[in-house]
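Asker: Chains as they are written, first to last, in this note's numbering: chain A, 1 to 422; chain B, 423 to 844.
Any given hint could be a false lead.
As the list claims (entries may be wrong) - Distance ranges between label pairs, derived from CB positions:
id, chain 1, residue 1, chain 2, residue 2, range
1, A, H377, B, E828, 52 to 60 Å
2, A, D116, B, E843, 48 to 56 Å
3, B, G817, A, K30, 23 to 31 Å
4, B, V576, A, K378, 29 to 37 Å
5, A, R11, B, S634, 53 to 61 Å
6, A, K61, B, R430, 21 to 29 Å
7, A, E320, B, T739, 52 to 60 Å
8, B, E661, A, H377, 31 to 39 Å
9, B, M474, A, K61, 24 to 32 Å
10, A, S366, B, M746, 37 to 45 Å
11, A, S366, B, D501, 28 to 36 Å
12, A, K300, B, T739, 42 to 50 Å
What the hints assert, rightly or not - Over the 12 Å line for every Cβ pair with chain A, so calculated as not near, a few chain B residues:
id, residue
13, T439
14, K626
15, H765
16, E836
17, E843
Don't read these hints as lab results, they were simulated from the structure.
Quick reminder that beta carbons are idealized off the backbone N, C-alpha and C, glycines included.
There are 2 protein chains.
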Amino acid sequence: MAKVNLARGMRDILPSTLRKRRKVIQIIEKVFESFGFEALETPAVERIETLMGKYGDEGNKLIFRILARGKDGEQGKTDLALRYDLTVPLARVAAMNQQLVLPFKRYQIQPVWRADRPQRGRFREFFQCDVDVVGTENILAEAECLTIVHESLVVLGFEAFKIRLNDRKILRAMVEQCGAGEREVAVLVAIDKLDKIGEEGVRKVLLQGEFSIEQVDALFEMLNTGKINGIEAELANLEAIKEMAVAMGVHPDRLVIDFTLARGLDYYTGPVFETIFTDDNIGSISGGGRYDGLIGMFGKKDVPAVGVSLGLERLITIMEERGMLSEDAAVDLWVTVFDADLHKDSLQIAQAFRKSGIRTMVSMRSGKLKKQFKDAHKAGAKWVVVYGSDDKEKGVVLLKNLERGEQYSLPLVEAVQKVLEL
Amino acid sequence: MAKVNLARGMRDILPSTLRKRRKVIQIIEKVFESFGFEALETPAVERIETLMGKYGDEGNKLIFRILARGKDGEQGKTDLALRYDLTVPLARVAAMNQQLVLPFKRYQIQPVWRADRPQRGRFREFFQCDVDVVGTENILAEAECLTIVHESLVVLGFEAFKIRLNDRKILRAMVEQCGAGEREVAVLVAIDKLDKIGEEGVRKVLLQGEFSIEQVDALFEMLNTGKINGIEAELANLEAIKEMAVAMGVHPDRLVIDFTLARGLDYYTGPVFETIFTDDNIGSISGGGRYDGLIGMFGKKDVPAVGVSLGLERLITIMEERGMLSEDAAVDLWVTVFDADLHKDSLQIAQAFRKSGIRTMVSMRSGKLKKQFKDAHKAGAKWVVVYGSDDKEKGVVLLKNLERGEQYSLPLVEAVQKVLEL
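Okay, chain A solo, but in the shape it has when bound:
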């Protein structure tokens, strides 16, 4: 017998877990669709050159590479790779499909694969959940992204969260005004850690990074007072985005303009945003921004775009921890097989319930009724049907409610009605 196991960092999603996940995904999709976003699916497998060089050196190493078929493969050559995120495939789709009507508002909820070190609750295959607006510079796109995040979280049952909003151009102005313009990335990376290591920590990092005390002081002067020159246009832009989002129902206290928000990804060019829980230190549960240069890497012309990603796996983890996901059985009703002669009748009875959308099992083991009731209970069925020759004579079925301990002797049509009612 071969040793059998999952691949490292992979998981099966068993039915009871999957039912919960699907409920969360359905809720989120309904919000996305209410804003007119459309679902897109891209293949798991991309050409290796489509992915390489898009995620930095660290990212390149984490891409799963697929061996070429035929002779090239024998020499260890790889030509394909597994999808690493949903943004690069979107950019490829946008560049390849000139017929798309712009602005193209798409959402995508699919797995991605990263050869990261697996940790508790972190897998090498995990779902991303992205919303993007391609083809417009209108800041309503930003406002819709923020509102969708807010609306999704509220509908899922969250209250204590905060959306932070900044603009890459404001960050750049700050960096330039403290005389570190040529080392923007290093400053952004340091600022990005403010949440975790505080001002003192960031100061230390910058000083060790050979920034001067004057530069660091100037930087924190700007971060702490908000006094930065020449950012009037960007600030007005952020205020306008906020106003739109508030008009669409975002709670104003939950949306804050925050000059310390940097976001890691290189490709952002304008507004950036991030969402955190204020009652949980799990980290960012949503992030995004405007990236007007990425699609141009694949196509003939630059196409403006803005998007946001919802941390689906983190959300599900937290909802699970907090008991926000109710258990849902796979079965509503269980038809026992009481009398072998009546087996066909039992099957017909089951069918009547199924036709009404009631999820119905028929016992696959004959034998004592008590055991069949136990099976029904184990499967989570709320209802059990018993049918014997007496019932057949009377033209009824015996319907038992396991939760209430009640039972009803009813003609089949009425029994179906009863289950639908309760």
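The hints should help you fit chain B onto chain A, whose structure is shown.
Answerer: Structure of chain B alone, referenced to chain A:
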């Protein structure tokens, strides 16, 4: 600019196509769930040894292999592979999860990957759609598999199809009785071609394969008359399966016992079945059977199982060809932006519709109303809202139905109601 393309044999599923696919999948899932089947998802990536040797030599070659990370990868070593079907992962899950309550009735609709030569309408990534019952020898499992196929096809709108039913043991009896017991597979492979090449064709294949004329005559005597010794038990079994399926609503004319049905896969041990359209030569659109030995390959003990696979991609192709899939726009209602001063009002109006589940877009380009109406029409919206200062004064919105050419001037709440009604 990098050349940009899909990987060979892969496809993007753009929104309008995806909406149609999802409708089909939802209908099928509802049928599966009505029988108490539960959804399972397994990872795209499996250990290579889990897959190798399960699909024959031809299959082994078509498996996409993933390069190992680290030093082994530099030497071209592969340790992982992409899922090739849904049955082997199910067998792994069943063997690994002893806590599963048996019978475990699971369905699974996920992509699989095969490095096949791509053809028109055939891709290297495609969805499979499987239903299996693990852990029972009760033939109700077979009957449910057949009924689910029948029910799914009927609900999808198909009428002209036939389910063929046979038993591997009957085939084996035939092969043995014509004295070719040691070459069972070769006979089955030949019989499997009866549909395509007819009796003469199969005779030729067998004679070229060095079976004797006597053997071939004996075989066709049995196939044509149905006179086979010692198959009473199996035949009674098939009749019982048919009776159960008919009790669950399968049309008796659509379910035929047919001794010429062989099915290719090696691992079947009992009843086998296949569905074909009687008005289309696209080939099998569903196939399955009992395989009581497969799970034992992964676990400590044999576990009986039976399953059926629905040819989702073929079904969708045919439904598309026959116009059985209605177009569905992504947007119900379009809110124009008539007056820049009222932009926030427009956003609030949109939100009122969204809260009622109406998929609503707000124009992202300002400008002439005529152009915005054109955008709305292009997006497939049935409704357009216009809101100007006059409307604001009157406390109404102007709601236009693009299909009927009607318009209504109504307070917002009533306008939402109107859209929900129609």
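Asker: It remains to establish, for every hint, whether it holds in the given structure.
Answerer: Do the hints match the structure? See the list:
no. : hint                          : verdict
1   : H377(A) - E828(B): 52 to 60 Å : holds, 55 Å
2   : D116(A) - E843(B): 48 to 56 Å : holds, 51 Å
3   : G817(B) - K30(A): 23 to 31 Å  : holds, 30 Å
4   : V576(B) - K378(A): 29 to 37 Å : holds, 32 Å
5   : R11(A) - S634(B): 53 to 61 Å  : holds, 55 Å
6   : K61(A) - R430(B): 21 to 29 Å  : holds, 25 Å
7   : E320(A) - T739(B): 52 to 60 Å : violated, 39 Å
8   : E661(B) - H377(A): 31 to 39 Å : holds, 34 Å
9   : M474(B) - K61(A): 24 to 32 Å  : holds, 27 Å
10  : S366(A) - M746(B): 37 to 45 Å : holds, 41 Å
11  : S366(A) - D501(B): 28 to 36 Å : violated, 47 Å
12  : K300(A) - T739(B): 42 to 50 Å : violated, 33 Å
13  : T439                          : violated, 9 Å
14  : K626                          : holds, 34 Å
15  : H765                          : violated, 8 Å
16  : E836                          : holds, 20 Å
17  : E843                          : holds, 18 Å
The structure is inconsistent with the numbered hints 7, 11, 12, 13, 15, although it conforms to all the rest.
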